[in-house]
Each structure stands twice: as C-alpha cells, then as structure tokens.
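> Hey, can you work out the whole structure from these sequences and the hints?
Chains as they are written, first to last, in this note's numbering: chain A, 12 to 288; chain B, 8 to 375; chain C, 6 to 536.
Worth flagging that the hints you see were computed from the coordinates, not collected in a lab. Cβ coordinates follow ideal geometry from the N, Cα and C atoms, glycine included. No false leads were mixed into what you were given.
Think about it this way: if two alpha-carbon atoms lie no more than 25 Å apart in a straight line, the pair counts; the simulated DMTMM-like pairs of lysine to aspartate or glutamate are:
1) B/203 - C/387
2) B/203 - C/357
3) B/203 - C/364
4) B/203 - C/352
5) C/265 - C/507
6) B/203 - C/382
7) B/203 - C/399
8) B/203 - C/360
9) B/203 - C/359
10) B/203 - C/400
11) B/203 - C/404
12) B/203 - C/371
Sample of chain A residues facing chain B (criterion: CB under 8 Å; computed from the structure):
13) 78
14) 86
15) 100
16) 102
Short, incomplete list of chain A residues facing chain C, as computed with Cβ under 10 Å:
17) 271
18) 280
19) 284
20) 287
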Amino acid sequence: MASAVMATPAARPRARGAALLSPLLLAAVCGVGLVAYLYPFFLADIDRGSPGVVRAGEAPLIFAALLSLALLLFLAELTRQGMNAKIVALLAVVTVAAAALRIPTLPAGATGFFFFLIVAGYVFGPRLGFLVGSGALFVSAFAVGGFGPWLPFQLFAAGWVGMTAGWLGVLAGPRLRGRGRTELVVIAVFAGVWGMLFGAITNLWFWPYVAQGDSISWQPGMGLGEAIQHYWSFYILTSAGWDVWRTIGNVALVLLAGRPVLDLLTRYRDRFQIRFE
Amino acid sequence: MTIAGEVRSASQIGAPPEAGHRLHPGAWLAWLSGGCAAVFLTSNPLYLSLAFLVGTGVYLSVRESPKGRAFGAFVLIGLVFAVISIPFNVLTGSSGPSVIATMPELSFPSWFGGFTLGGDITGESLMTATNRALGIATLVVFAGAFNASIDHFRLMRLAPRALSQLMLTLTVAIVVLPQAVAHARSVAEAQRLRGKPARGLRALPGLLLPTLHGALERSVQRAESMDARGFGGGDGAGGGAFAGVVGVLGLGVATWGAFAHYWYGAGLLPTLAIAGGVVLVGIALLRGAGVETTRLRADRWAPLDAFIAIAAVLAVVLMLALRMNGAGDAGYLAYPEVVAPAFHPVGAIAMLLLLAPALASGARGTRS
Amino acid sequence: MIAVEGLSFSYPQAERPVLQEVSFNIEPGELVLVIGPSGSGKSTLLRCLNGLVPHFHGGTYAGSVVVDGQSTREHQPRDLAGRVGMVFQDPESQIVAETVEDELAFGMETAGMAPAAMRKRIEEVLDLMRLAPFRNRRLETLSGGELQRVAIAAVLTMQPRVLLLDEPTSQLDPQAAEELLTTVQRLNDDLGLTVVMAEHRLERVVQYADRVLYLPGDGSVVSSGVREAMETSPLAPPVVRLGRGLGWSPVPLSVREGRKFAANLPAREAPHSTNGRSADRQPAITTRDLHVSYENTRALCGVSFEAYPGEILALMGRNGAGKTTLLRALAGLVRADSGSAHVFGMDVATLETEELARDVALVSQEPSAVLYRQTVEDEIAETFASTGRSGSVEEALREWGLEELRRANPADLSAGERQRTALAAMLAGRPRVVLLDEPTRGMDYETKEQLVNNLRRRCEDGCAVVIASHDVELVGRCADRVLLLSEGEVAVEGPVREVLTESLTFSTQVSKLLGGQFLTPEDVLGEGASM
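Below you can see the structure in the form of structure tokens.
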C-alpha cells in the first residue's frame, strides 16, 4: 500500500523545495529567539538598572525580526501545504480561539491559553504550533494590554510551547493514539512542565539586568553551573509561587477538557489527510 | 468572507436597496492606520479625549449596518476592558508625589520589578492609566467603525496575490469572532430547548466546545467552497514570491519603526523606517497587482475617498510635527509630577480631521 | 464527459468505504440525478467528480475519475474550477464576497480574466439566472433561494462544462426550490450543460432527468435510465408510486404524464374526512389573540387557535407569514407583546424555556445548531439528563433508525441524518407537545415516511404535534388539520382535506391528478401499499 500524505503528483516538485524551506525558517526564528534571550550572558559588562529601559531599545528590533520570519514561515508553510484555503481557515480559527482563551483568567492567573495551544500544537505539528503560539499571544496582547519590552520574548516562548507540543505529537502521538488515558496523562505532564518553564524562560529577558541579591543574580563571566544555581534561586523566590498555579491550571484543564478538544482538532487534521491506494 | 449568515437572522425583514457609492476600502484602511498612528503619537489626554469622541462619532455614523450590529458586542467589551484597566493599573503600580488616597498595600520584593498592590494612589499614576485607557478605548472604537463599514471581501482583494493568503487569514480571524458569538447564541438556545437550566456565565463552559466546533466547521466549509471555485489556483510563483518577501520585509521594517516610536518616542530613524517599510509594502502591492489576478472593476477612488485618505495622512503629519516641535505637549507625561497638559490647536485640528468618514456619510445622507 | 473507474473511497476512521469499486460514465449534455437514502454517499460522490475528494477531504482513495479529459488525481479542485462547477447544500456557507457582483466575479478574478470579458459574462449570467435586479445587493439581504441562485450564477461565470449540485434545494422552501430546479433544467436544455445533481425532491425534477445514479447505501452505485429506475426505486415521488400501485405502464414521471391514465380510471370513493378535533378533550395548546413583534416588524397579530392531544396540526403559509415565530412563542423563546398562550394549562409567559422543555419540544430548522455533543448517543442522553425524564437511548435510536450511527459525530453526518438525530434527541424526553419547524428539509421519501409513522405513534400516546411546513406532500400525508397563516394572521383553518383540495397552490401531486379529496397515493391504494 503506497501512501502519500498531502502531496499530489502535480504539487510535488515545488513542494519539495518548500519542504526544506519551512524547517529552515523555523530554525531561523528559533535562532533569533535564542540570540535575543542569551546574548546578554556573553557581554563582558552589563548595565544594571531597570531592565525595562535597557531592553526596550532592542525590543522593537527583536519584534520586527520575529514578525518577518514568522510571516515568511507562514507563507512557506502554505506553499508546502499546496496554498490551501483550508489550512488558512483552520489556522485562523485556532489562533483566534487560543487568543480568546487568554483573556478570561481562571483563579490565580491560570488561563486556557496554554492548554489550548498545547493541544493544537500536539495535533497540528511543530511549525503550525509555533505560528499559533506566537500569533495567538500577539493577538491577545491587544486585548490584555500586554505591549511592552517583554512582548517579543513572550512571543518566542509561546511559539516554543506550540512547537515542542508539535514535536511531542510527532514523536509520541502515533504510539499514544487510541490509548486515551495514557495520551491525556502524557499531555498533562507536558502542559504542567510548560506551566513552570514558560515563567522560567520569560524571566530570562530581564534576569541578567537584575542588580539586587548577590546569590540570585547574574554576574558577567559566571560559569554555567553557578548561573543555573543562581537563576534557580531567583526563580523559586520570585515566580515559582505564581507558576505553580498556572501548572495546576494547565494539568487540570488537560485532564478535564483535553479529550473532547483533542478529538475535535484531530478530526479536522485527519479530514485533510489523503492516502492513495 | 462574509458574516451574512449570522447577520441575516438579525436583519432579515425588509431588504433595503443598496446605497449608491460605498467608501473605498483603501480609504477606510488609510483612515484606520492614520487614526491609530495619530493616537500612538500622543499621550496628551486632551487630544486623546478628542480622538475618542471623534472615533465614537464615526462609529455611531456607521454602526447601523447589519455588520455594525454584529461587531457591537466587541466594541462594548473593548470599552469595558479599557475602563477596568484604570483601577487595575493604578492599584498595581502607583508612584509619584501627588497622593490622592491611600489603600491597604501589599508589596513585592524590590528586585521583582518592585511593584506594590494598593498603597498610595497618586495623581500621576491615575493620569497615566486614564491616558492609556483612553488610547485603548479610542483604538477600539476606531476598529469598531472600520469593521462595521468595511467590505471584508474587498479589503482582502487589496492584498497582492502573494499576500492574499495572509490577508485571508486575517479576514477569517476578524470575522470568526462575531460568527462564533452568533453560533454560541444558537447553541445556548438549543440547550435551553433541551431543558438545560444554565444561563449567563455558568453556561459558558458548556458553550465553548460547541462554539469552537461550529467556528471550525463553518470556516472549513467556506474554505472548501473557495477551493472549488479556484481560489489559490494557477502557480503564482516568481513575481508572487518576490512580492511576498518584499512585503514581509516592508512590514518588518515598518513594525520596528512603529514600535520604536511607541516605546521610546519619535526619532528620525524610526520615522524613516516607517516610511521605508510603507514604500516596500507599496512595491509589493504594485508588483503583486501585476500577477495573475484581475479585478472586475477597480474600486473607484471617488473625491470623498481621497478626502478621507488625505485627511488621515494630514492628521498623522500634524501630530508628528507637533510632537517633534514640542509645542502643545503631544508627548505629555504625568511624571515626575502631574500638571495640567498644555493645548495647541494643531493637535485638535489633527484629531478633528479624523472625523472625515462621518462627514462623508453625512454628505451622502443629505444628497440621497 | 465524466469517466469514473474503480473508484473507492473511505473517510478516515470509517468502518466501511462510502464508495466501493464504482464505475460509470456520464455523457456530455446529460442531466443525471443522484438518489439514495441519506448518508449513502451522494455528497461524497459529487465531491469526487471535481477533486474535492481526495484533495480537500482526506481518506483512503483508489481508482480514477477523469472529467473533461483531466484526472482528478493530478489536478486540484481549484485547477478544475474552470471545467467543473459545484454548488453546495447550504447557500450561506459557500458565499465569499459581500455583494452579488463581487460574488459572481470572484472565480474569474482569481483565474485572471480580463475585466472586459468578465463584465460580458456577468451580464450574461445575470440575465440567465434572472438576477439582474439584485446585482448591487448585499448578499445578506437576499433570501435563501436567491442566494442559492447567486451561488449557481457564480459558478456559471466560469463557463464550466459540468455543473455539480449537492442537494441545492435542501435549505429552500418549495417555491424557491421549484424555481431553482426549473432554472437548472433550463441550463441543461439551453446550454447543453452536463448536470449531475443529488436531489430528493424528485417530483420536481424526475421528468427532466436522463439518467439516475442510485446509491443504495452499501458503497455501490447503480446507473440506469430514469424510467427504468422509477419502475423499481424505493425512492419515488407520489405520482410514480400511484402509477406503480395502479399498474400504469409506462410509469408516469409527472402529473402531466399521469393525466391520460387518470382519465380512464373508474370513479372511486373518496376517503372520508377525518377530523382530529374532539370536543370532549381539553386542548393541549391554546392561544388567545397572540401578538408578537421584532424591533419594528409585526410577526404575529392576534393569533388564536387550539391544538388537541392526538392530532397533527400543520402550519402553512408563505415565508415570513409567522410560522416560525408562532412555534418559538409556544416554546417560550420569544415573548408575546399581548395575548396569551397556554400549554396543558400552563401559561407560557410565566415559564422559562428550560422549564417548558419537559413538556414542549421544538425542533428548529437548522439541525446543526441544535446538536452540540460529540456522538449521536450523547445527544439523546443529554435530553434525558437535562429534562430529568428517564428513557432508553436504545429505543430512541431504534425509533429513528440511528442504531448504526450511535457512535458517529453529528458533524460527520449527512444533512438528512443530522435532521433525524435532532428529532431523536429533542423528542427522546417524551414531550407532550411536539413543535417541528420544516422537519423535511433534506429528507428523502423513506425518511419522511419514518417521520410520519413516528409522529402518528406519538399522537396515539396523547401527544399534540404542530408542524410548520411548506411540504404539501407531508402535510397531505399526516396532518389532521391545517392552519394557514398570512402576514401574522390566521387566514384559513380547517381539516386537511378541505384546505388542501380547495387550494390552488397548496395541493399535492395526487390531488392535482385525481382531484376530489385524494391527497396521497395511500388514499387511493390504501395503507401499506406505499412501496
């Protein structure tokens, strides 16, 4: 049984070029994000003080780079999928839904955003996952007034949530399919981890600039082990308390509402997969 | 994309004949961008209040379309959010010398941004929060007016072929919300018919999944119909891809400029970047327009459309000039100590220029 | 024109293929009807003919479809758009633009046609489809029938060689449906357009068809001449059933063809008028001088009527006459401005819809909006849970023939199956009053028969049924009394045989043929002779 998913003979030659292009673009986006997050750690001297001021200068640039690359990824992804109106429709609806879920806040700051994003990424794969994550966070920033120098960093992190959920779907999805409970538990654990990790990653944008507390702040030239130890203390002290709620919220939502949403989105993905015999 | 289906139920009876000339979508787009830019350029509460009134005036002049009614709920929600954001911002970060009131306070460690919940409420923070809320509310009514009056299909057609998918995504995204609300309403009705007593907020969780489902189903059906009618057909390679990349680059550069403006004030470089970005997008549009697609009739630029677009550009130019000149407190800051903002007639003129679409529709109204 | 060979297709996760080893040819200029029970794969078959299957809908696909020399395997639907035009069931979900002209131009614009050529074609198509007065109208101001005509026009501007119509009338009222089908027949006649149409209102089209593709529901497709198909098909319009029952040969396909046989028919005793009203019983529904208005439009002005347990009352009348409003008022969804409505003595005005739901079931026109659970079973169980009535899901599934679909997601079902699911779910709680709004949209003859039987059974249990319908054949088959609404007022009220036989527009095929008080083939042939 020869199978060819989502590619028809006529579409193949161009699709092959595009198939290379979109992973490259995704890698480029991620590269920009990593550089934006990590370069302060390689500076010999850091101008401590209000991180908001220091990093605000770079934020527009990072944001513009992210926007351009993400849009190119989107265009490449469409070409790869054969310029399909259905992918466009799906992506738009899922993104808006995720964005809308960020607005009503559950007790203690948890929202349905991560839950939905993770399930969507798990179903639709790493590239669409990244696009949904950063796209939805951007859209919701209008509604929750989340514009500030932190925004591009949050966009990267949200994109990574979707992207890694996509990897989880690619790697574990086929094995977990049909094993309802296990699949849900795996996703719940994943969502729980991201509940903490999202805070831990997004705090990195200002951490190198934090001046107070020698044992919890960054010193230029610090070794990796020591840096991790300092950051860990910083994280536990400052954010862990909040992030625990997000983690609990994520896990609870996946366990409670994960199954129907997963089934619903999977239905739409499967509806588009063709197998020729 | 249309929201005809949802709108139909609301406005079924009586089909009025179409009004002769509708404003060009490009004119509306120019108005929206000009309005948003002008609002971004100032933080002076006097100009912002004026902009809000102007935006509300335009919104009210176009609200009575079926689509206006569909988007009405979103304008309302946006305004409520804007108002709520004032106490929220004041309570989470008040500083400055002019203390108005003192609330019980809860402090966070200074190295964690050092913000305090409650505590002294200062005039400075109240003024800043009010200004920000005014800005958001103004953008909301601008967006409301734009969405109520624009023909989303024609808007989509303004994009070059290479960006048409992007534009389609945006259009689906804009239209999906009112559709989803309409669908949620009919699901809620169905649940009541089945004897489910949940109403109001408690019914919400039970509505979310069916609503998502309905939105997906409708969008996919429409995508199917578009596919069957040749949308995205042919091979728009070459010039299309080039236009796409140029357009995206232009957007990127312009975005950098806009955010640089927003975050650290007007400078020559950000202004140049915005202009350059717009030029690049323009090149993409022109290049893209030559590729493949044709138009039954190019949307006509009537004098009214030109009037609106010029007024919008003029508003931005005036506001920018005011801000760079420093007169009239365009870049008003409540810190270090709150004082009454200064006022310059040019700022008021800039905002009043944005009233153009309302005047235009008034002009049409009296003529017919 | 179309060559299908060895075509097999199954949807993802489906147990059985929808189409299995199907082969047939369609000649240029033919008008081919695709018939079959709901869920037998009519829509899927049509989607195979323009490449939406397999390019848009996923699944397992084998075999080949060649349309006008182009294989659908190698060509995407959008590349075939110039050769094959497709019109879908729901006019609202297929429109793209916001005005009629824009909608018509959409396909040509994406194909990059010169503006002058576009304008010429638009003029031609506007005239052909009689849409010229609407050219600048906004689409949301059009009625469903007009919208469906726009959808066809939008496809015709591409000058396709083949027109595929997927139950184009299932969302339309009979007048609009008839108009639409006449237009389709003219397109086939005048332009020589090859038409492939899935349709269940056979009484309107069967006489124009050249051939029938019958899908029995097991994955096969039987292709035969139309008269040959009508000799045996279980799906047949009333006049064909009458002709078959009386042994007329060749079987008449239209009332006109039946006349010459009817002229020679010996006089028969007319069935006596049944009157459901019985004075000794308490009415189930009573309204007195009911007034309802929306915004500034009066929807109902002074409606007074009664409906009794054990009877089926039909609400008829033009679009906008107030039928739907009346039903919604009885279910408590709209509030009356004045007047009163009582259901089994309960004042509707004092009760919420959800409180009424135990006794009153309203099945609205749009089944997809009523269904919100993930499986058919869950939909039925939901009713038991929320009304607090006990009952058996099994029984409800059996009553509506849904046993095999119990685990299916309602969104995956065909239009007819979804309608049945909605009926099964809403009526599962054994309500004492059943209100149905256009229940037969998209239903084939067999399903209608099932509906009639189920409703009759409910009546025997003391239930009162009110059906708002344009479907004259259904009303003739099952109603006891008819209430004709006009502009929100009761125009006529009376027993079905009086109202339908005295009417010029509201009369059934059999009554047109035989006159008198014969309404259905069963009136002539007796019950049980319907096959």
